[in-house]
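Undergrad: Here is how the chains run, residue by residue.
Number of protein chains: 2
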Amino acid sequence: MSKVLRINMEDLSHKWQNVKPAHKTYAGRAFTSTILSEEVDPTCHPLREQNKIVISPGLLAGTLAPSSGRLSVGAKSPLTGGIKEANAGGLTGTRLGNLGVRGIIIEGAPKNSKDWYSILVGKDKCEILKTNQYAGIGLYDLIGKVWKDHPTKPGIIGCGVAGQRLLENAGVFGNNIENSDPGRYAGRGGLGAVFGSKRIVAVISDGKGGSRPEAKDQEKFDEARKTFVKSLNAHAVTGKLKDDKGEPYGGLKNYGTNILLNILSEAGGLPTRGFRSGRFDKAAKISGEAVHDLVDKTKAKFGDKAEGKYAHACHPGCVMACSNIVPYEETGKQHVSPLEYETAWSLGANLGIGILHDVAELNRLCNDIGLDTIEAGNTIAMFMEAGIIPFGDGPKAIALLKKAYDEDSVEGRLVSSGAQTAGKTLGVTRIPSVKGQALPAYDPRPIKGIGVTYATSTMGADHTAGYTIAAEILGIKGKVTDPRDLKKAELSQAFQATTAYIDSTGYCLFIAFCILDDDDGFNAMKTTVDSFLGEDIDVTSYGKDVLKKEREFNKKAGFTEADDRLPEFFKTEPLPPHNVVFDVPDEELDAVFKGF
Amino acid sequence: MSKVLRINMEDLSHKWQNVKPAHKTYAGRAFTSTILSEEVDPTCHPLREQNKIVISPGLLAGTLAPSSGRLSVGAKSPLTGGIKEANAGGLTGTRLGNLGVRGIIIEGAPKNSKDWYSILVGKDKCEILKTNQYAGIGLYDLIGKVWKDHPTKPGIIGCGVAGQRLLENAGVFGNNIENSDPGRYAGRGGLGAVFGSKRIVAVISDGKGGSRPEAKDQEKFDEARKTFVKSLNAHAVTGKLKDDKGEPYGGLKNYGTNILLNILSEAGGLPTRGFRSGRFDKAAKISGEAVHDLVDKTKAKFGDKAEGKYAHACHPGCVMACSNIVPYEETGKQHVSPLEYETAWSLGANLGIGILHDVAELNRLCNDIGLDTIEAGNTIAMFMEAGIIPFGDGPKAIALLKKAYDEDSVEGRLVSSGAQTAGKTLGVTRIPSVKGQALPAYDPRPIKGIGVTYATSTMGADHTAGYTIAAEILGIKGKVTDPRDLKKAELSQAFQATTAYIDSTGYCLFIAFCILDDDDGFNAMKTTVDSFLGEDIDVTSYGKDVLKKEREFNKKAGFTEADDRLPEFFKTEPLPPHNVVFDVPDEELDAVFKGF
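Chains as they are written, first to last, in this note's numbering: chain C, 1 to 596; chain U, 1 to 596.
The hints are simulated quantities; they were obtained by calculation from the structure and are not laboratory data. Computed from a predicted structure; not experimentally measured. Any given hint could turn out to be false.
You can't tell identical chains apart in this list, so a pair holds if it fits in one copy or across any two.
Here are the simulated lysine to any residue pairs, SDA-like style, with alpha carbons at most 25 Å apart [stated by the list, open to error]: (1) Lys549 to Asp586; (2) Lys556 to Thr572; (3) Lys111 to Thr572; (4) Lys111 to Ile137; (5) Lys114 to Thr572; (6) Lys242 to Asp304; (7) Lys333 to Asp520; (8) Lys549 to Thr152; (9) Lys114 to Arg276; (10) Lys333 to Gly394; (11) Lys20 to Pro395; (12) Lys285 to Ser113.
Chain C with its partners taken away, still in its complex shape (with noise of 0.2 Å):
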C-alpha cells in the first residue's frame, strides 16, 4: 500500500498519509501536477513559504518493468512562474518505489533560518536532519558525503549551490547508480531553488527493508514486462549493443542521445553559435560517435583502469542504457556522466565550441554546481551574444561558469539565473526563451511540429514534453513527416498528451522509439500499467487530464495566449542552411490546446 509522506519545514515535522482514493492511479507527473494544481496557489512566489515541493516516483518504479525508474519533481517554477514537473533517472525512483511511497510533499519554510536540512526517508520512517556540512559545497562531494554517513547506496536528490542561494537556474541533482557524479538531474525550471527557499540541501532515500511492489494482477503483468523488454530489444534505437554478427547495433547503447548531433547538424536544425546557423562543422567532434570512439581508445589504452562507458544505464533495470560515461582521455578516468545530446548542444554547438573536452568540463561544472546544462548553455550564450566573451572560447566560458562557485561573485550568480534573466541584463534582444525557459537543441525554424511543441508546453520550450522530432526527423513506422508542414497542432498535442502518461509510468520518454514502431511494444507496455493498477487506462485521456490541470494552473497563475508563443526573432530571422522562420501561424499554436 502505497502512502504519502508530507513534511512540514516550518516545524519541521511530518506526517504520513494514505494517497487519496482519487489520486489512486496518480503517479509521477499525474501526482506532482495534481497535487499542485489543488494545493499550491498559483499566484504564490516560487521561492516563498507557500509554494510546495512534490516528489514522485512513477507508478511502476520499483517494478521489474525495463526502463520504469524515473522520479517526478514538481513545483511552481521560479524560472517560468507556472507549474513545472521534470524528471530524471537515478536511484531515488526505485528506492521510493521499493519504499512503497507515492509521493512526498514538502511543505512551507523555516523562519530565517540559518541552517541547511537533509531528509531522510527509509522503510516507515522519515527524519529531518540537520546537514550544515552538505551546504556550500560541490555536489561531487556531497554525495561522497551521503554516501559515507549512509552506507546503503541511497538514492539523492537536491540541490547545489545555485538553489541553496536561490538562483533560478537551478536543477534537481540526482546520484548515479554506481559512482558520484550528479549527473541524474531534473533539471529544468529551476526547482533547485525550490528546495533551497526550503533550506532543503538533499532528500535521502534509503531502501533498506523495502520490497518490490505488486502488481494487482502479477502474472500479466510478468508476461507483458517480458514482452516489452523483447520489443526494446529488438528495436534498432532502443535495442542491444550489438547485432548477431557483433557489430554496433542500438544507436542509443552505442552512441547515446548524443547520437542526434550530426544528424541534426546534417538536417539543419542544430542550433549553432545562438541560434544563428542550423549547422555546426565541427559537430562530428563533440558527436555520440566522438564520445564512442573515445570510450574505446581510452578502453584500449588503459584496460580495467578506463572509466570511460557508453550503454550505461541511468537507473537500476534500464534495458535501453543510453547514458555514457565520459573519460579523459589523457588518463581514462571519469571526467563526467552523463554528456547528452542536449548538453553536447547547449554547451558546445550553441556555443560554438567543438573541443569535446571542453564541453565535458563545461557539463561537469554544471553538475557540480547545480545548474540545468540546457539553461546554462543558453545562459552562457547571452555573455557570448551580448561580447562579454567570444563564442567558440571553451577556457573563457569554463571561467566564467567557474564563478557561480562564488557566492560574492555578481557574474557567478548571473551565469546561474537563465536565459531569459542573463539576457536581459547584458541588453540582448535574441533571447531564446518560451514562458522564460531556454529552447533545447531543436531549432524550430526548419522543424515546425518542435516549435509548437516550445511555444504550447505548459513547461515553457521543451522538446521533452511533446518530442514530435520522432515523427519529423527520425521517422516513426519509417514515414517522416514533413518537418515543413505547417499543421502540427494535432502531431504536437498527440505527443503532449503522450508524454504527459508515460511521464506518469515510471517509463523513461525512449520507450516511445519503439512504441511508436511496435504495436505489441505498446500494447504491452500499456498491460503493464493496467495489470499494475487492475484498471484500463486510456492513455491519451490519462495524458490530456495531466494537461488540462496544468493549464489551469498556469491560467491561474496569469498565462494567457500571448505566454504561448516563440521569441519574435525567429519569426523574422531565416537560419541558414534553409533560410527559414518560424511561419506557423498563432491560430495553429492557440489550436494545440482549444477546447481544453
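Model the placement of chain U on the given structure of chain C, informed by the hints.
TA: Frame of chain C, contents of chain U only:
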C-alpha cells in the same frame, strides 16, 4: 495647425502628416497611448524593430497656461512588457508646442548599424544626423556638446549609455532650462532603451521660428489661465515662495517635492532599508528642509557664486517651481538638479543612506548614465538585500553605480537593469515590483490606496498614475481619507482617470493639490483646455478613455488580473512601526477597472 512627424529609422526617412480628425483632442499621454494602441503589436519585442517611440507635448505646451509644458514619451515598455507613458518637464515640451508638433512617431530600426543618430526637429524641418560623437559619453557632456553644436538652446531628450546598451532601467533624459543637468527624466519603464534600440541618442528640438499656439477662444483661454495662476499662487502647497510677512509659504517652492520625506517618515509610510520599516531615523538629513537649509547656507557663504537653488522651475512657465539645484556644501557649485522626493527616498531612505551628499551623488550618477532614479534605488537595494554591499553604505553604493559606465562590467549592466532583474539574479525574494516596475516612495501596507494604484495601474507600480496620497496623507479639502481603509477602488480609479486627463494636457500633475481643494481653480484649469480646443471635454470620460486603451493594450500583451497584484511579501510581512500588512482583498483590486 499641429502636425505629426513620422520618422522611419530603417531607411532614415521622415514625413510630416496631419493630425487625424479622430485624434484632434489627443496630446501628451492620450496621444502616445492612442498611437501605440493603434499601431504597435502588443506582443512585439520592446527592443526590436516593431516597437515605436511616440513623443508628444501636452495639449497646452507652448501656451501661457501656467505649468503646462510637460512632455510625454510612450512606447511598449521593456521593463513591464506593457504600454508605457512617462512624462517630464524640461525644454522639449515647450519647444515642440511652439513648433506646432503634436507628436513624433519613431518607427523601425537601422539594420546591423553601428552608427548612432540624432533627430533635429525645427520649424517645418527634420534632419536625421549621424552623431556618433554623442554616444558612449555621460549626459552632462552630451548636453554641453549639443548646446555647443546648436546654440539656440534647443530642448533635448534621449538616452545615455544605459539606453544605448539596451538596459531595462534606461530612462529618457531631458535637459534643464538653464544648465546642462540632464535631470528632466521621463524616467520610468526603460524607454531610454527603446531609443537605444533604434540607435537614437538624442532628439533635439530647436524652437527657432516657432510661435505660441493659439486657442480656439483665445480670450476665454487668457482669462481662465490668469484665474488659474491666482488659484495656484494662493494655495499652501503650490503657492508663492513667501507670504505677506516674508515667511516661507508655498511648500513646493520652499522645500520641493522632498517636503514629503519627513511627513511620510512621521506617518510610518516611508519605505526604509528595502521596505523593512516605514520610518527612517535619518529622514531629516536628506529632506527638502535639509536642501533648503543647504542652499541658504551656501548662498550666505558664497554669495553670487552659489549655484544652489530652490523654487526652481522644471520647464518654462511653471509657476509652482518645485524643483531645486543641490549645491556642494564645500564650493556652493551645482551638484545635481533636481533632487526630488522620490529620489531622496530611493537612493537615500530606501538604502539606509542618510548623508545628503551621497544621495545627491547617486542622483547625479543616475542622471549622467541615463537611469531612472526610483528604479535605480530599488535595484541597488537588491544588491544590499543579497548582501553584496551593506545597507547604509553610501560610498559602496556609489562605487557600484559607477560600474554602469563600464560596458564590460556585468555588475554595471545588472545595476542598470531594474530591481526585478537584479533581484531575481541575486536570489532575492523581496522584490518590490509590480509588472516588473519597482515601487516608489510610499509603502502600501500602511497606506492602502496607493497600494491599489500600484497594483492596478497600467504602468506598473507608479505613484503618479493615481496619487491617492493626496487624499490619504495630505488631505483634500482639509479632510484625510483614512489610509488604513481597505475600500480604495473608487478612490484609485478616480485619481487614475483624472491623472490620465492631466497627463494629456501638458499640465504638471501637481496642479492637483490646488484643483482638488479649489473649485475655481479646477474650473479655470478645465476652461483653459476647453477654450483651447473649442470643445467641452469631460475630465473623467477623457481619462477613462485613455485608460481603456492602455488596459486593452496590456491585455493583448498578455496581462491578466494576476498582474494586478502586489508582491507576496507585502501581504505577509508586517511593516513597523504600525506593523500592518497589505490586506486589500483581490476583489477590491479587480473592482478598480471592473467594466473597463
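Undergrad: Now tell me if each hint is right for this structure.
TA: Here's how the hints hold up against the structure:
For a Cα distance limit of 25 Å, the shortest separation of Lys549 from Asp586 qualifies both inside one copy, at 23 Å, and across copies, at 23 Å. Proximity of Lys556 and Thr572 under a CA criterion of 25 Å is satisfied inter-copy only: 20 Å between copies versus 31 Å inside one chain copy. Taking CA atoms no more than 25 Å apart as the test, Lys111 paired with Thr572 passes between copies only; the shortest distance there is 12 Å, against 48 Å inside one copy. Taking CA atoms no more than 25 Å apart as the test, Lys111 paired with Ile137 passes inside one copy only; the shortest distance there is 23 Å, against 47 Å between copies.
Only between protomers do Lys114 and Thr572 lie at most 25 Å apart by alpha-carbon distance; the minimum there is 20 Å, versus 49 Å within a single protomer. In the homo-oligomer, the alpha carbons of Lys242 and Asp304 lie at most 25 Å apart inside one protomer (21 Å), although the nearest pairing across protomers, at 94 Å, exceeds that limit. Proximity of Lys333 and Asp520 under a CA criterion of 25 Å is satisfied in neither setting, with 41 Å inside one chain copy and 87 Å between copies. For the identical chains of this complex, Lys549 and Thr152 are neighbours neither inside a copy (38 Å) nor across copies (64 Å), given an alpha-carbon limit of 25 Å.
For a Cα distance limit of 25 Å, the shortest separation of Lys114 from Arg276 across copies, 19 Å, qualifies, whereas the shortest one inside one copy, 45 Å, does not. Proximity of Lys333 to Gly394 under the C-alpha cut-off of 25 Å is restricted to the intra-copy arrangement: shortest distance 21 Å within a copy versus 51 Å between copies. With identical chains, the CA atoms of Lys20 and Pro395 are never at most 25 Å apart, being 53 Å at best within one copy and 58 Å at best between copies. In this homomeric assembly, Lys285 and Ser113 never come within 25 Å of each other (Cα to Cα): the closest approach is 48 Å inside a single copy and 35 Å across copies.
When held up to the earlier numbered hints, the structure conflicts with 7, 8, 11, 12 and fits the remainder.
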